[in-house]
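For this one, chain A is given, so just place chain B on it according to the hints.
Residue numbers (this note's numbering), protein chains in the order written: chain A, 1 to 80; chain B, 1 to 80.
For the record, the hints were derived by calculation from the structure and aren't laboratory data.
Be aware that a few hints might be false.
Copies of one chain are not kept apart here, so a pair can be met inside one copy or by any two copies together.
[Said to hold, decoys possible] Restricting the straight-line Cα-Cα distance to at most 25 angstroms, the calculated cross-link-like pairs of lysine to any residue (SDA-like) are:
hint, residue 1, residue 2
1, K2, K64
2, K10, A56
3, K64, A41
4, K10, D50
5, K64, A24
6, K40, V70
7, K8, K55
2 protein chains.
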Amino acid sequence: MKIRVDVKLKNGVLDPQGRAVAHALHTLGFDEVADVRIGKAIELEVNETDKEKAKARAVEMAQKLLANLVIESYTVEVLG
Amino acid sequence: MKIRVDVKLKNGVLDPQGRAVAHALHTLGFDEVADVRIGKAIELEVNETDKEKAKARAVEMAQKLLANLVIESYTVEVLG
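Chain A with its partners taken away, still in its complex shape (with noise of 0.2 angstroms):
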């Protein structure tokens, strides 16, 4: 079963790899960017059959590794 889980700075954390970004971005002549945020995204390949059980254990990873919860939120979505 493949799980995805999305890991992103919460609002008002700075993120200095999305400033980097936008301003290369702008000098390539993107004026139009505004802002960017660069977030995780985890791809799980679990043996778990139960749909319902290897979401509740992808949240267990995601809050004691996968995510840092200080400054980090995330969400977890079962691809099957």
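Same frame as chain A, now just chain B:
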């Protein structure tokens, strides 16, 4: 307008960061994890009202800067 560009490593390209996360998850007892791949979820805020035009420009950004097309693939989605 908000646009999301997902950049991930092509199949077959080694993902050391994903490997490290998989290893850490095993250490924490998440033995059901078979594989982990980590990509970038880039959110762009652009000053553009035309949806089609915004998407076309984002594709251009992905090809010119956001993705390394040798080893990465990308998808562009207009979030509105």
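Okay, the hints, checked on the actual structure:
no., hint, result
1, K2 to K64, "within (19 angstroms within a copy, 30 angstroms between copies)"
2, K10 to A56, "within (22 angstroms within a copy, 28 angstroms between copies)"
3, K64 to A41, "both (17 angstroms within a copy, 21 angstroms between copies)"
4, K10 to D50, "neither (30 angstroms within a copy, 28 angstroms between copies)"
5, K64 to A24, "between (34 angstroms within a copy, 10 angstroms between copies)"
6, K40 to V70, "both (16 angstroms within a copy, 20 angstroms between copies)"
7, K8 to K55, "both (18 angstroms within a copy, 22 angstroms between copies)"
Of the numbered hints given earlier, the model fails hint 4 alone.
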